[in-house]
Amino acid sequence: MRQIDLVVIGSGAAGMAAAIEAKKNGVNDLLILEKDDKLGGILNQCIHNGFGLTEFKEELTGPEYLQRFVDEVKRLEIPYKLNAQVTDLTNDKVLTYSSKEDGLVKLQAKAIIMATGCYERNAGAIMLPGDRCSGVITAGTAQRYLNINGLMVGKRVVILGSGDIGLIMARRLTLEGAKVLCVSEIMPYSAGLNRNIQQCLIDYDIPLYLSRTVSKVVGKDRLEKVILSAVDENLQIIPNTEMEFECDTLILSVGLIPYVSLLNYIDCPISSTKGAVVNQYMETMIPGIFTAGNCLHVHDVVDFVSQEARLAGRSAALYLKNEIDNNENKINIKPGNNISYVLPQFVLENSVDDITFKFRVRKPLKDQVVMIKSGDVVLGKVVKPALIPSEMVMVNLSKEKLQEVKDEIVISVEDR
Amino acid sequence: MKQIHDVLIIGAGVTGTMIARELSKYKLDAVIIDKSNDAGNLTSSANSAIIHSGYDPEPGTNKAKFNVLGNKMYPQIVKDLDVEYIPCGSLTIALEEEQLEILKDLKERSRINGVEVKLLSKEEVLKLEPNINPEVKGALYAPTAGVIDPFNLVVHAMENAIDNGVAFLRNHEVKDIKKENDYFVVKTNKEDLYARVVINAAGVKADKIASMIEDIDWAITPRKGEYYLLDHYKEGLVNRTIFPLPSKKGKGILVSITSSGNYIVGPSSEFANPDDVSTDAPTLANIKASASLMVPSIPFKETIRVFSGLRATCTRHDFIVEPAKSERNFINVAGIESPGFVSAPAIAEYVVNELVKPVLKLEKNPNFNPKVKPYHRMHYLSEEQQNQAIKENSDFGEIVCNCEHISLGEIKEALARSCPPVSIKGVKRRTRAGFGRCQGGFCQPKILLLLAKHYGVSPTKIPLNEDGSYIIDHLIKEAK
Numbered sequence: 001m002r003q004i005d006l007v008v009i010g011s012g013a014a015g016m017a018a019a020i021e022a023k024k025n026g027v028n029d030l031l032i033l034e035k036d037d038k039l040g041g042i043l044n045q046c047i048h049n050g051f052g053l054t055e056f057k058e059e060l061t062g063p064e065y066l067q068r069f070v071d072e073v074k075r076l077e078i079p080y081k082l083n084a085q086v087t088d089l090t091n092d093k094v095l096t097y098s099s100k101e102d103g104l105v106k107l108q109a110k111a112i113i114m115a116t117g118c119y120e121r122n123a124g125a126i127m128l129p130g131d132r133c134s135g136v137i138t139a140g141t142a143q144r145y146l147n148i149n150g151l152m153v154g155k156r157v158v159i160l161g162s163g164d165i166g167l168i169m170a171r172r173l174t175l176e177g178a179k180v181l182c183v184s185e186i187m188p189y190s191a192g193l194n195r196n197i198q199q200c201l202i203d204y205d206i207p208l209y210l211s212r213t214v215s216k217v218v219g220k221d222r223l224e225k226v227i228l229s230a231v232d233e234n235l236q237i238i239p240n241t242e243m244e245f246e247c248d249t250l251i252l253s254v255g256l257i258p259y260v261s262l263l264n265y266i267d268c269p270i271s272s273t274k275g276a277v278v279n280q281y282m283e284t285m286i287p288g289i290f291t292a293g294n295c296l297h298v299h300d301v302v303d304f305v306s307q308e309a310r311l312a313g314r315s316a317a318l319y320l321k322n323e324i325d326n327n328e329n330k331i332n333i334k335p336g337n338n339i340s341y342v343l344p345q346f347v348l349e350n351s352v353d354d355i356t357f358k359f360r361v362r363k364p365l366k367d368q369v370v371m372i373k374s375g376d377v378v379l380g381k382v383v384k385p386a387l388i389p390s391e392m393v394m395v396n397l398s399k400e401k402l403q404e405v406k407d408e409i410v411i412s413v414e415d416r
Numbered sequence: 001m002k003q004i005h006d007v008l009i010i011g012a013g014v015t016g017t018m019i020a021r022e023l024s025k026y027k028l029d030a031v032i033i034d035k036s037n038d039a040g041n042l043t044s045s046a047n048s049a050i051i052h053s054g055y056d057p058e059p060g061t062n063k064a065k066f067n068v069l070g071n072k073m074y075p076q077i078v079k080d081l082d083v084e085y086i087p088c089g090s091l092t093i094a095l096e097e098e099q100l101e102i103l104k105d106l107k108e109r110s111r112i113n114g115v116e117v118k119l120l121s122k123e124e125v126l127k128l129e130p131n132i133n134p135e136v137k138g139a140l141y142a143p144t145a146g147v148i149d150p151f152n153l154v155v156h157a158m159e160n161a162i163d164n165g166v167a168f169l170r171n172h173e174v175k176d177i178k179k180e181n182d183y184f185v186v187k188t189n190k191e192d193l194y195a196r197v198v199i200n201a202a203g204v205k206a207d208k209i210a211s212m213i214e215d216i217d218w219a220i221t222p223r224k225g226e227y228y229l230l231d232h233y234k235e236g237l238v239n240r241t242i243f244p245l246p247s248k249k250g251k252g253i254l255v256s257i258t259s260s261g262n263y264i265v266g267p268s269s270e271f272a273n274p275d276d277v278s279t280d281a282p283t284l285a286n287i288k289a290s291a292s293l294m295v296p297s298i299p300f301k302e303t304i305r306v307f308s309g310l311r312a313t314c315t316r317h318d319f320i321v322e323p324a325k326s327e328r329n330f331i332n333v334a335g336i337e338s339p340g341f342v343s344a345p346a347i348a349e350y351v352v353n354e355l356v357k358p359v360l361k362l363e364k365n366p367n368f369n370p371k372v373k374p375y376h377r378m379h380y381l382s383e384e385q386q387n388q389a390i391k392e393n394s395d396f397g398e399i400v401c402n403c404e405h406i407s408l409g410e411i412k413e414a415l416a417r418s419c420p421p422v423s424i425k426g427v428k429r430r431t432r433a434g435f436g437r438c439q440g441g442f443c444q445p446k447i448l449l450l451l452a453k454h455y456g457v458s459p460t461k462i463p464l465n466e467d468g469s470y471i472i473d474h475l476i477k478e479a480k
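The listed protein sequences derive, respectively, from chains A and B.
1 is the number of the first residue of the first sequence in this note's numbering; add one for each residue after it.
1 is the number of the first residue of the second sequence in this note's numbering; add one for each residue after it.
Only chain B is shown next, with the shape it has when bound in the complex (with noise of 0.2 Å):
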């Protein structure tokens, strides 16, 4: 007999993950299918990881609209989810005298989104940033900015959904959707799936999905952003994110801080194709020159990883948050680039209050947890804590990762989670271990055996990010 589910949430990300979050505070059948091995695997995992304050987008947008609700859900939301999160504020400069009249015009629009900003003298923005280029003439301050990491934001996010509820499906890919009586089929590569409610979080992909349904006047238009990654290292760059002033392009190269204390410089911003996420020098080397003009200092050989990821640019401009023309069941939650990362909560709430709603009967659920059960970061933990947590657990004080100080019981607790990783990459998303100046170069074997172990499988199918980028070639004692 099919198995009907409520809902069928298309795309892992922050978006869908905060939607599946959102819908198990009710009493529902419903499940979340990526076509990745994980969640956030794809544009949620490399981009600026920055909780905008709203001082950019046009009044009046949805941009505009979730971007500043969004914001102001953050300080409880990274609290339940229990992720890193520093509220460290942005500064937009003006390198040039008359860019100054622009940032007065920024005011104005951050006046009109409700966003608290304040014009900054020279003189104040060296003193809270020294390392900006002297030239600096002014700046935007908007203080409720911060950076967040990316990856367990997404993470707990779907563990949070799991543990109230909702099934997480890895690998599968959508190649067709119809609608049967009164719901969908879902063909995916694996099996067909049903269901009343179809919701399309699917990125960069999501015009692709929503064509399935209806002919659709907008498309996604990827745009290619490539990043530095700088190690943390002792001097200190900057202490906030840094953007330059706004243009049609977006937001410009940004240097920031990370969450991590780690240091980003990028994005670039040209379209490309939505599988694409090589880097080239060409590139690279414009970023450097364009983040140099306003960080001078930036120690670029520090960088440890450049890497580059895909935004969901839309046509049309402005985040798409609608039913399907033809199909009030089947919901379009696209376009979804910048301010991506701070909407998506605003955006599942208002997904879930005014188009699951009225089409859906939803009955609260009474065991909905918003927590997730805190994990041990023990490079955060006192003394005290960790040496209790050890006497606890003996594999909290086994260091895995000699870079970043992560423990065996850092990464066997995310083993043992309901959002649990697969790969590599997944390890180092949710532990950092493998995040630092080596690379995975020591960890990187430990790690892999301890997955094979975890899994009872063999070390050549432990792939290094999804299904099919194996490690391990073969066992050289292996029969032949």
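In isolation and in its complexed conformation, chain A is listed as follows (with noise of 0.2 Å):
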């Protein structure tokens, strides 16, 4: 079985910029992995622009923004494997891919990092009620068939869901000739960034139905209708509410979800993001496996992910080198009042660099102050003028701070 220093599942925004900080690191002897036939993930099919403002401080197509690390892993020479598949992993850090080339291959790796990204909440997940029709798509596929495939999915559409492909996808469908009729959100708020609610739906008409769902879905073979229905404070459809549409195409963009079907394989525990449970250094709970990315937890701005990304590299790097010690007194992170989440979920003492906690509230906030606080000592507060789930909010603690905790440290909002 070959023997390897670190091994990067995935070559998305997240596997890519991971490999060049772990190159950049001193990592010599490593490898990315890449399931599709080119390098570069979804960002492949993402052809709009907006990515790119804080890592290039320019405005970048996916491709773009993708091609910056593609022209750097092959400036750096590191190697790449494409159209291969993980099919197995140990928690002894063996893995197995598969490919038309090598066949089944084992690779003994020392580090890992799991940069797998995330997949679309469909139909099924939801339990979308009514027919078993064609014409129900996600977001993400339908943008795949067009922007890749050059095939369009339909003519009248109706969008579920305001997340941000929900959004860019009405403007895309609108520029190639199909009739956008509206976006139903079931929030009271919409769950996309609020650049793309201008610039996807106001500019192009498109009308955007808040607390509102689909109550049933209709066709025969094809899509032919759905019905929307008013949803009360509980999400429970309200009777007598109903708006039909008739459409050939249903657009879900009701979420993403970490996809990291790997973790099924290992002992590790994984969090309330569907992703692993991590530390500072973007380490899950098997001391020289990584994650990073959206398969960790999604993020709204790409730029994060490969922030995110480069430091589970460099962590990587420094595991390699012994200068990780796992033993470490662990510190758990909870999150506290209006807080859906928060990574990493526990840090070791005696940190390398300082921390940053990424969260997320859970409703739309205004006028609030984050607090990090361990007991009644409070270690850091951050004023936030305004709040929205949609945006992943991140502050940061210094090293130094960390030494004077002892119990775990809580993030919480409060009003100011």
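Treat the hints as calculated values from the structure; they're not laboratory data.
Hints are supplied without guarantee of correctness; some may be wrong.
Okay, derived cross-link-like pairs now, SDA-like style, lysine to any residue, Cα gap no bigger than 20 Å in a straight line [what the hints assert, rightly or not]:
{"id": "1", "chain 1": "A", "residue 1": "93", "chain 2": "B", "residue 2": "234"}
{"id": "2", "chain 1": "B", "residue 1": "325", "chain 2": "B", "residue 2": "234"}
{"id": "3", "chain 1": "B", "residue 1": "446", "chain 2": "B", "residue 2": "473"}
{"id": "4", "chain 1": "B", "residue 1": "2", "chain 2": "B", "residue 2": "183"}
{"id": "5", "chain 1": "B", "residue 1": "391", "chain 2": "A", "residue 2": "103"}
{"id": "6", "chain 1": "A", "residue 1": "100", "chain 2": "B", "residue 2": "449"}
{"id": "7", "chain 1": "B", "residue 1": "412", "chain 2": "A", "residue 2": "93"}
{"id": "8", "chain 1": "A", "residue 1": "106", "chain 2": "B", "residue 2": "446"}
Short derived list, chain B residues pointing at chain A, Cβ under 7 Å [claimed, not checked]:
{"id": "9", "residue": "438"}
{"id": "10", "residue": "445"}
{"id": "11", "residue": "473"}
{"id": "12", "residue": "476"}
Derived DEER-like restraints, expressed as beta-carbon distance ranges [to be verified]:
{"id": "13", "chain 1": "A", "residue 1": "270", "chain 2": "B", "residue 2": "118", "range": "31 to 41 Å"}
{"id": "14", "chain 1": "A", "residue 1": "341", "chain 2": "B", "residue 2": "248", "range": "41 to 51 Å"}
{"id": "15", "chain 1": "B", "residue 1": "371", "chain 2": "A", "residue 2": "61", "range": "32 to 42 Å"}
{"id": "16", "chain 1": "A", "residue 1": "150", "chain 2": "B", "residue 2": "171", "range": "27 to 37 Å"}
{"id": "17", "chain 1": "A", "residue 1": "194", "chain 2": "B", "residue 2": "248", "range": "40 to 50 Å"}
{"id": "18", "chain 1": "B", "residue 1": "261", "chain 2": "A", "residue 2": "37", "range": "53 to 63 Å"}
{"id": "19", "chain 1": "B", "residue 1": "461", "chain 2": "A", "residue 2": "179", "range": "21 to 31 Å"}
{"id": "20", "chain 1": "A", "residue 1": "1", "chain 2": "B", "residue 2": "100", "range": "24 to 34 Å"}
{"id": "21", "chain 1": "B", "residue 1": "143", "chain 2": "A", "residue 2": "150", "range": "36 to 46 Å"}
C-beta atoms are modelled at their ideal positions from N, C-alpha and C, and glycine is treated no differently.
Reconstruct the complex from the two isolated chains, following the hints.
Set out below in structure tokens:
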């Protein structure tokens, strides 16, 4: 069995950034495994702009953004394999992949970075009520058909869910000649970024209905109509509020879920984000297995995916140099008031670096202060004029402050 | 010149395809037609997929007879047809003290039916199935029950019948049937077909077909069953099929492993019209509540799909396996609801030996081969075998479905057989590509393009399921 220092699984915005950073930090024996036939992952189909504002201080399309990383991978001569699907992983970091050229290959890795992205919640997962006709499709799949294969999925479209991909697809399908009738969002606020509401809906006169969801899908073979109903504060359908839309396509943009089937093979605790439980090094509970990007928690901005992955890449390099002590005291991090999750879920004392906590709020809030507390001790306070669930929030804690902590740390937001 | 077939079977579900396979043991001109574009597209692909032991049907009924006979045939059938089958056994559980009496009655019923069962104490039940409600009082254990891959059972029975000489006509919907001279004229939406013997295995529409020949004193009143299908996940849930006590409506809402290692929860049981396979939130909520009484920890967040199927419940409350009153050459095989899957091969033997033989001279087909050529299921092969397969055909190394790890080679293999898939769901049912947590989000475009290339048609022609359920509306660069 081939021994290798580091395997990076996935070559999207996270995988390539992680591999580049690991290489820059002295990891020379490494390999990227990509399941598709080209590097870049889902960015290949994201032909809209809005990428790179943080990373490159300019506005790029998805393919432009990923090309910068591809160029760097090639410049640094980082080896990669395409059409290579990882099919097994053990606690001892023995990894199996399958490919046309190599057959089944086993690798004994010293460190692994999982950067496998996310998948879309679909009709099954939301138990979409009504008929099982065609014409109901997730936004990302419709995007792939259109932007990669040149295939349009319909002419008259209703979109369920105001997540960013749904909004982007509302504009994209309109530009391609379809009539987008509306976007329906079950929550009383949008799940997408404000800039996308403006640029993808308002600019094209596409109505956004809040607190409304699909109560029935109707169609014998192909979708014929969609019924939308209003929902109450408990998200239950209110009778006699139906709106009927004749359409041939229902696009689902109802959330993304970390795509980490590999976690099923190893004894690695899974968090409420459906990604792995990690420490400040983006290291899972299995020392030497790291994870970053959308397979850890779903991001709204790709630049932050790359940033997080660089941390994982650098950490893997530290681990390979025995500079991470997994026997250190563990401090648990808990989400407090109004917070749905916080990452990392625990930190190792005596941190190499300052720590960035990432979290999301449960509902839109104004005039808030983010509190980082351990017991009664306030470790940090950050004022936030406005917080929305669709935007990930980041707050820092210096490694020196960490020394004052003995108990768990709670991150919460409170009224100012 | 009109071609008069010896036998024409209407309906390519589990019953029809099993009869077709049984007929292919003889030198006959047999044809099987279905209104769908594939075998097993309706009831046979949306049910619990349980090979019942036979503890439940009333002694003396067709259900009891064929269930018990069929159950014994399965170990050989799954070998011959290369179908995934787990002989996991079933537990029928009592949650209240007074229900223990009913278990005893069921045990007696099993004895009369000739089914091996055992009463288990609370402790024994919880030892076998730790996730069952700890309030359980006891259970009836039926070790001969099992779970099967329902899709490939039907498709492989069809494939085997075709390989042995039966013709399969898809997209043929029967409009009318008339007797002319000594044969039937079966008018379809396509052409007229002619046959000396007609076998009606039309599932939820069997009463409609039977009425084309004579007035009947029975009817099919379809009952819809909605289900949850859960992902396979690390912790595991149950190792067997768990039933509540049976009621008038059927065997009740069960919790079971599937042959693919997923978990299935359902079905509901409500009368529905014969084309309605929709799902609705209130019914699913009821299923959830009922099932949670038996297994409180079912992780419904792992749901990857909800679906429904129709049972061909008959007003006679038993399987109808008999000739029409006025026509010995017209055989009704109707009302095949649960336990239909397990009974199908026994019904097929009975139909051919007892009902077809008296009206048609049957001569053995010397070339009959009971086996389908084994399929490559990479997932179940050892590493060595996988590497050998990839060495022989590198397509087996290229993974198309990332969730279930299904290779291009496996999909191409299904396409190369004599009952190939024509739709996305046809590929999914045969190979499991698209069966996982992303439900085809990643692999559907690849499979759709593969099908379009294989059949030499535009991507707009590839359906999700039935013809008409197109996925692609148009090509963006198509000339206007």
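Evaluation of the provided hints:
1. A:93 <-> B:234: 18 Å, holds
2. B:325 <-> B:234: It is violated: about 55 Å lies between the C-alpha atoms, which goes past 20 Å.
3. B:446 <-> B:473: The given pair, whose Cα atoms are some 17 Å apart, holds under the 20 Å limit.
4. B:2 <-> B:183: Judged against 20 Å, a Cα distance of about 11 Å means the pair holds.
5. B:391 <-> A:103: Holds, because 7 Å separates the two Cα atoms, which is no more than 20 Å.
6. A:100 <-> B:449: With a Cα-Cα distance of about 19 Å, the restraint between residue 100 of chain A and residue 449 of chain B holds, given a limit of 20 Å.
7. B:412 <-> A:93: Roughly 33 Å separates the two Cα atoms, so the pair is violated.
8. A:106 <-> B:446: Measuring from Cα to Cα gives roughly 26 Å; hence the hint is violated.
9. 438: With a closest approach of 4 Å, the residue 438 of chain B hint holds.
10. 445: At about 5 Å, which falls below the 7 Å cut-off, the nearest Cβ of chain A leaves the hint on residue 445 of chain B intact, so it holds.
11. 473: 5 Å, holds
12. 476: Holds - the Cβ of residue 476 of chain B comes within 7 Å of chain A, reaching about 5 Å at its closest.
13. A:270 <-> B:118: 31 to 41 Å: 38 Å, holds
14. A:341 <-> B:248: 41 to 51 Å: About 47 Å separates the Cβ atoms of residue 341 of chain A and residue 248 of chain B, which means 41 to 51 Å holds.
15. B:371 <-> A:61: 32 to 42 Å: 54 Å, violated
16. A:150 <-> B:171: 27 to 37 Å: Hint holds: Cβ distance 29 Å, inside 27 to 37 Å.
17. A:194 <-> B:248: 40 to 50 Å: Since the Cβ atoms of residue 194 of chain A and residue 248 of chain B sit about 57 Å apart, the hinted range of 40 to 50 Å is violated.
18. B:261 <-> A:37: 53 to 63 Å: The hinted range 53 to 63 Å is violated for residue 261 of chain B and residue 37 of chain A, with Cβ atoms some 29 Å apart.
19. B:461 <-> A:179: 21 to 31 Å: Once the Cβ atoms are compared, 24 Å apart, the range 21 to 31 Å for residue 179 of chain A and residue 461 of chain B holds.
20. A:1 <-> B:100: 24 to 34 Å: Check failed, 56 Å falls outside 24 to 34 Å.
21. B:143 <-> A:150: 36 to 46 Å: 55 Å, violated
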